[in-house]
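Q: If you want the building blocks of each chain, they are given just below.
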Amino acid sequence: MSAELTILQAGPSFSIQDMGRPGYRSRGMTIGGGADRTALHEGAALLGQSPDQAALEMAVSGGQFTANQPVRIALTGAVMAARIGDEPIAWNASHLLPAGAVLTIGGASCGNYGYLHLGGGIDTPAIMGAKSCHFAAGIGRAVQSGDILALGTDDGANGIGNCLPAPERLQAGRVRFVSSMQTDAFSDETFARFTGTQFRRDARANRMGVRLDSDAGGLFAENQLGLVSEVVVPGDIQVAGDGCPFVLMYECQTTGGYPRIGTVIPCDIPIVAQLAARSELRFEHISRDDAVAAQTRHQAELNGLPGQVAPLLRDPATIRDLLGYQLISGAVSAHENPYQTQED
Amino acid sequence: MSEWPKIQIVGLSGILITFAGQMTEPANRAALAFRAAVDAAEWPEVRETTTSLVSTYLEVDLAAVPPETLQDRINALLVAQDWYSAPLPSGRRLWHVPTVYGTDLAPQLEEAATLAGKDPDTAIRELSQARVRVLAIGFAPGQPFMGELDESWHIPRQANLTGAVPPGSLVTAIRQLIIFTNQSPTGWRHIGQTAFRNFRPADDPPFALNPGDELTFPAISRADYDKIIASNDSGNGGADVEVLA
Chain V
1 MSAELTILQA GPSFSIQDMG RPGYRSRGMT IGGGADRTAL HEGAALLGQS
51 PDQAALEMAV SGGQFTANQP VRIALTGAVM AARIGDEPIA WNASHLLPAG
101 AVLTIGGASC GNYGYLHLGG GIDTPAIMGA KSCHFAAGIG RAVQSGDILA
151 LGTDDGANGI GNCLPAPERL QAGRVRFVSS MQTDAFSDET FARFTGTQFR
201 RDARANRMGV RLDSDAGGLF AENQLGLVSE VVVPGDIQVA GDGCPFVLMY
251 ECQTTGGYPR IGTVIPCDIP IVAQLAARSE LRFEHISRDD AVAAQTRHQA
301 ELNGLPGQVA PLLRDPATIR DLLGYQLISG AVSAHENPYQ TQED
Chain U
1 MSEWPKIQIV GLSGILITFA GQMTEPANRA ALAFRAAVDA AEWPEVRETT
51 TSLVSTYLEV DLAAVPPETL QDRINALLVA QDWYSAPLPS GRRLWHVPTV
101 YGTDLAPQLE EAATLAGKDP DTAIRELSQA RVRVLAIGFA PGQPFMGELD
151 ESWHIPRQAN LTGAVPPGSL VTAIRQLIIF TNQSPTGWRH IGQTAFRNFR
201 PADDPPFALN PGDELTFPAI SRADYDKIIA SNDSGNGGAD VEVLA
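Sequences listed follow chains V and U, in order. Positions 1 to 344 (the numbering used here) are the ones given, in order, by the first sequence. Positions 1 to 245 (the numbering used here) are the ones given, in order, by the second sequence.
Extracted from the complex, chain V is given alone in its bound form (with noise of 0.2 Å):
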């Protein structure tokens, strides 16, 4: 029997995400895929296998899961209340979700995208080489209550109970970004405007794009409409006819005609998914050199996470079943339980 998770009771916006799908810009598509790619990452590392792996993103909403067996599952990205059946889990950590158990995720108190990752990855059908929906192609679709996903096949690596560090990018309140092609098409003084103002997100928030808001007047570039429609990346802040800022996601369409003041370098875009609505945000501009060694420190940080991850500690004044436990008579091994406790 393979595994599987059924989702019992799905958010308004669940769906398989991974590390998308390059190769197919000059198709009309962008890569897509996790909005918050470090987390992908974070959760590979708590379960021993591949960021490549397919996991659950819940944007905003968590909702109820079951599985068919005993599954690992490590949670990571926006910080969700989640307890399997009364029990409380920690965020950032790899747990055991029992056969038949529930496992119930709340909504994000900080940043706006969790991941539920699974051991042996989420193992439906890849389409155009990738298992992650694609909302702006049309590519799967929304994963709804009642869904049932099958499960890869799990090696165990790594175990369960392990956690990571909570991360700082969930409220980091700035990113970082680097000129582009179009940044001179901007005056001095609304270049100035745009790095000393504190914006605010707005409720116009996904997979696509990021709108940001404030109350310093627009940012108007001089010959707004005479750009040719051009090349756009993930991370690029493209000026609408609103003024506003409106940072573009790993969903965004591969070609547009509006101006773009920089791009946020590829290592903060998951600072920007993260931000939660009303948050604010600033925007520091930094030279073409310190990106590539903040890009390049970044992706050392991620070749780290499996050396961070620890196990997870348990303080015995929140464990509400402590009679429960036998902690005295050593019938307890610290290998087994995930919910190690803290010896003398």
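Possibly wrong hints are sitting among the right ones.
[As the list claims (entries may be wrong)] Just a few of them, taken from the derived set where beta-carbon distance is under 8 Å, the chain U residues facing chain V: (1) Q8; (2) V10; (3) G11; (4) S13; (5) M23; (6) V46; (7) E48; (8) T49; (9) S52; (10) Y57; (11) A63; (12) G138; (13) A140; (14) G142; (15) P201; (16) P206.
What the hints contain is simulated information worked out from the structure, not anything from laboratory work. Built from N, CA and C at the ideal position, the CB exists for glycine as well.
Knowing the structure of chain V, use the given hints to seat chain U on it.
A: Chain U in isolation, oriented as in the chain V frame:
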């Protein structure tokens, strides 16, 4: 020395070679041909290539590969021939896509005709006889930007977007036509409706059109359109296709 072609850095994502400051037929030809040459060169640093109307884009991880490492090769290729008079890609096809003009299916035909200074019948006659080329694929999967129509069709985009046009819509602005892939808001005017599907995810290949392909949009009646819709399993929408030499 001309300022074109111009080489620009695109964030940390790639390098753009632009052949003109506005859409022209030779610049579009240059972009297509230069891309084919880059693909043939198989430079290991280039992950993916594409064209927009007048540019060739090379996707390169500039955090790992400094742009300077490609600069000499790009320059050498640029001077290797006159890209503005290069032949179009081989294996191109000519499509004849049946189209209903106007009616409630395409409510902006009259408005577009007026802007182009014609009565609706003249507009329909011209549009059904025009032969256009796929200048670029972009915005949505498989979505063609086609042109150029004659100068009288240099009509602006609308100031206010149309809320949603359906898949297969034929829309126009700035001497170009687009068939929309998916339901979408647009600033272009909805002049015709086809049953043609640009993107067919279950097919191999899933994309119908290639840059350089040519199309005509012969007028059909609403009744013929309904017949096509009823048996449109291929997504071709009743189109005839022939291979160009």
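Q: Output the numbers, in ascending order, of every earlier hint that fails for this structure.
A: Number 6 only.
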